[in-house]
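*Asks:* Listed in order, the protein sequences are those of chains A and B.
Heads up: the first sequence at position 98 corresponds to 97 in numbering that gives the first Met the number 0, and the numbers run straight through without jumps.
Heads up: the second sequence at position 136 corresponds to 135 in numbering that gives the first Met the number 0, and the numbers run straight through without jumps.
Treat the hints as calculated values from the structure; they're not laboratory data.
Source: prediction; values computed, not measured.
You may find that some hints are simply not true.
Unchecked claim - Pulled from the structure, derived: some chain B residues nowhere near chain A, Cβ distances all over 10 Å:
#1 ILE61
#2 ILE195
#3 PRO234
To be verified - Partial list, derived from the structure: chain B residues whose beta carbon lies under 7 Å from chain A:
#4 ALA163
#5 GLU187
#6 ALA189
#7 HIS192
#8 THR193
#9 GLY194
Note that beta-carbon positions come from the ideal geometry of N, C-alpha and C, so glycine has one too.
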Amino acid sequence: MLEVSNIDVFYGKIQALWGVSLRVDQEEIVALIGANGAGKTTLLNTIGGSLRPASGNVMFLGKKIAGLALPAIVESGIAHIPEGGKPFPDMSVRENLEMGAYPYRAWTRKEETLKQVYHIFPRLRERERQLARTLSGGEKQMLAMGRGLMSKPRLCLFDEPSYGLAPIILLELFRVIKSLREQGLTVFLIEQNVRHSLEIADRAYVMENGRITSEGKSKELLQNDHIKKAYLGL
Amino acid sequence: MDKTTVLSKKPLFLGLLFLLFILFAFLPLYGSVYSVILVTAIFMHIVLTVSWVIFSGPTGYISLASAAFFGVGIYTSAILGKTFPLPIVICFGALTSFCLALFVGALTLRLRGIYFSMFTFGLVLLIQQLLLWYEVNITHTRGRFVIVINNATIYYVMFAILAATILTAYFISRSKYGLALQSIGEDEEASAHTGINVTVLKTIIFAVSALFAGAAGAIMATRWTYIDPFIAFNPLFSFMPVLMAIFGGMGQFYGSIIGAVIFAYLQEMLITRFPYYYMLIFGIILVVVILYLPGGLVGLLQKWRKGDLAEKHANT
């Protein structure tokens, strides 16, 4: 479904990604793990359209999307949920969600999608009229996920959904991410919380210094000695 | 409980609107010449303010280009007024402003905050000086005479432009694009992530807002009869809409209208009663409003209403 092949990405003269390739299949949950500054967010921003690769290619549903403008990428069915969620603080929860349905194919069905999102996150329905700035950290992340789902995506890109959240909320959010597959969605998430992401993902890639250093089934990675030592502290 | 109050208020509001419409539609028939001219001036200020609010209200991009769009309308009218009928002149004035805003918007809407404001203000002075140079060196005059039209016609044209401006502002604010503009004002990056084509949307709405300022300029030129670059591109027309919107309160759609009406009337009164001190008094009023009414007049009204509601809740 998503195929990244051999991309190099630069910030000015500094190279951040070196020949990165990866693949996400239909209805799969794939995690990309790695330490701070490894280039995870850079990769996500490149797929999501806010950065352009200097070389290499990104294909989505058989079409080239590398170098397309952001709106076109959203329109093609990719929802990018940025780090910290970034809800619109002075708009109500409902307005935030409606804004998520901005792409043409989503806008006509927004009432129906809204019902589904409220079903996934009942908390958002309770807070419907509240301004987003008054939400707790976990609720903000739910709102961001809900806003992403409102665009009727085929693929969800999550940037660090566990960012700054209490463990109990984190578990709830990860359960939701896992359940998205049942609705036909495909998930690609980047995380520093290695254990939890490996638990919900089918496959995972490990990124170090802008390169993919290993990949494999999550279960196998959990047993991998290097991963255990470097990321799980065992 | 909420729903019933909304339902009972709507016919009242529509009735009031209809009454106002009738009142103003027949004003030239029963009103004095002075009142017709005064109301025309107030209408002009509402058009400038509301058209400014269409773009700058939700996005928070403080544009100081109103005078440029207004002035372009004035000059279009002065140049074409002798050869074309009035409706065509007005349309041309609006379209020229629209095109100018499209061009300037595409160039400058990447700038944010104070840089955008400075550039748009620079635009006013740039066009003013360019025109002055052109008039002095090429046409060897300084100003131009504009064909005179009777006050009632000017009034009705301005009334129509006003209606078009308010309807457009209303429909934009209610549409998904209104919401999108607001989200751009809150977090431009996040709104790009939701699939909004930020640059295109900003540029188009900026241009649409210029349409009305241009049309207002085109008709006002016929009222002033003589114009030169300093009259047409008066920086005051850039600042007035901003001040009127702040005065009325930008949080609500009708705030800018109320602000423009009161401010324009106040200005007119102060000029005639205190010609020497009018700017001073004006300034003091503004300082007081900014200091004590951050939400403008509408903000004050809402505060009262909220206080009212809170009391009711406390009682039950």
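*Asks:* Each hint: holds or not?
*Replies:* Hints and how they fare:
| no. | hint | in the structure |
| --- | --- | --- |
| 1 | ILE61 | holds, 17 Å |
| 2 | ILE195 | violated, 6 Å |
| 3 | PRO234 | holds, 31 Å |
| 4 | ALA163 | violated, 26 Å |
| 5 | GLU187 | violated, 10 Å |
| 6 | ALA189 | holds, 4 Å |
| 7 | HIS192 | holds, 5 Å |
| 8 | THR193 | holds, 5 Å |
| 9 | GLY194 | holds, 3 Å |
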